[in-house]
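Start from the sequences, fold in the hints, and give me the full structure.
Top line first, the protein sequences correspond to chains A and B.
Under my numbering, the letters of the first sequence match residues 384 to 641, in that order.
Under my numbering, the letters of the second sequence match residues 384 to 641, in that order.
These aren't lab readings, by the way, just hints derived from the structure by calculation.
Some hints here could point you the wrong way.
It does not matter which identical chain is used: a pair holds within one copy or between any two.
Below, in silico cross-link-like pairs of lysine to any residue (SDA-like), each with a Cα-Cα straight-line distance of 20 Å or less [claimed, not checked]:
1) Lys452 x Arg391
2) Lys440 x Arg385
3) Lys455 x Leu637
4) Lys455 x Pro426
5) Lys455 x Pro584
6) Lys452 x Pro426
7) Lys452 x Ala466
This is what each chain is made of:
There are 2 protein chains.
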Amino acid sequence: VRPLGDGRFEAAVAPGWDIGGNANGGYLLAIGARALVAATGRPDPVTLTAHYLSPGKVGPVTVDAEVVKAGKRFTTATGTVRAADGRPVITMLGAFSSFDEPVDAPELVDAGPPELPDPDECTWLPSTTADPASSFRRMVDLRLHPDDAGFATGDPSGNPLVRGWFRLRDGEPLDPIGLILATDAFPPTVFNARLPTAWTPTLELTCHLRGRPVPGWLRCAFSTRFVTGGFLEEDGVVWDASGRLVAQSRQLALVPRS
Amino acid sequence: VRPLGDGRFEAAVAPGWDIGGNANGGYLLAIGARALVAATGRPDPVTLTAHYLSPGKVGPVTVDAEVVKAGKRFTTATGTVRAADGRPVITMLGAFSSFDEPVDAPELVDAGPPELPDPDECTWLPSTTADPASSFRRMVDLRLHPDDAGFATGDPSGNPLVRGWFRLRDGEPLDPIGLILATDAFPPTVFNARLPTAWTPTLELTCHLRGRPVPGWLRCAFSTRFVTGGFLEEDGVVWDASGRLVAQSRQLALVPRS
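Here it is, written out as structure tokens:
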């Protein structure tokens, strides 16, 4: 992400970060988030909301960022990622801060990370493109809990739940923006529901980050409770290798008419 | 909310919609949402995110709204509510549509509304201002589950859960924007946790609406699973009198250092 001045940035959607030709939503959001980090001068997204407006394609994009308020602890900013032709791809609103400051606040954690078999006993993310050499699967290392991977072989579990391990394929440590990528990298929960729908386009995604992850695998779980009114939510929790909750996500997706 | 042209609106925070002098966050967001409804020409918020930037006070406010994309089914817009001196109070990003269109999509609902004693057997919202005549309590009719009301008498349940009934005090039917009000009207869940903190300012609130409510009481439940990293989430579900899920909410709040 390179600054062009006046709150504008240029970046590129790299080949490989697509599923069936459309760039992964979490990857697009990570590009937008890096521009907002630069615009706010604060390293860590604390809460970031994205609306997905049109598919992103491989190639150059621009990001227009605007600071709404620069406060003592948080800077709030909006931004829009646009394709080369000016078409808006995603628009964002987020608050940025620094996780460097030590936190001295009460803690109360009502759940632990999902229990998963060792990564080597989990199931590789099924390739969803005809050409696996150019697929998303080459960029992220994503291993599904075998109980949640049945949809790929036509045997969905019946439970809209997807659990698994996540890391970058090149072994690069994940920063908080990498956590955002993790929240939108897994197959949709409804793949495991026995519903007459499959494709569920994301309308909106909000990520809440609680800190920087330690190096290592992330443990993730995504679940859906309410498919109703033509929409569904997908709630995610992301835990780092030390067993700490580092991110929560919720997205609202469309349930196509059957 | 009156249009002034060029995407600007004027409105007023009415006396009574405050708690201890600060306007209720859901009420401020309802004002902002009405401006975005007018700006987008679409009646119903589907997903609306607000960042709370500074306290709102009784008196005039302006809202600046901007449409990011007007699509076939959704219009996406941003907006900022400002105090008379120009200070930003809340900034918003939302998608608007119409719930008039019949929905023909699969349904899968994994939970029902919270079980509550009859409203007359529930506990009135404790007044949180010295002057009950000017308090928020006169504007909304909010009855807490007796099991979740102990915090008001120094006996928190130990469980960060708040359930209750909600309606407007004047009996006015709630539209979808009224649902937004409901998602930020209840006492904080952490009032019921035995934690060395009480005040938890909201950083961000996202509401997902699933339809228009039928007239009558709403049943609401708010819960918190993760107080960690200096933040907590509060998840809400809102059910209408017909037993249908009409809204979900999640907010990220600050946990003050102990």
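Verification of the hints:
no.	hint	in the structure
1	Lys452 x Arg391	both (18 Å within a copy, 19 Å between copies)
2	Lys440 x Arg385	within (19 Å within a copy, 40 Å between copies)
3	Lys455 x Leu637	between (38 Å within a copy, 14 Å between copies)
4	Lys455 x Pro426	within (14 Å within a copy, 36 Å between copies)
5	Lys455 x Pro584	between (37 Å within a copy, 15 Å between copies)
6	Lys452 x Pro426	within (16 Å within a copy, 29 Å between copies)
7	Lys452 x Ala466	between (27 Å within a copy, 14 Å between copies)
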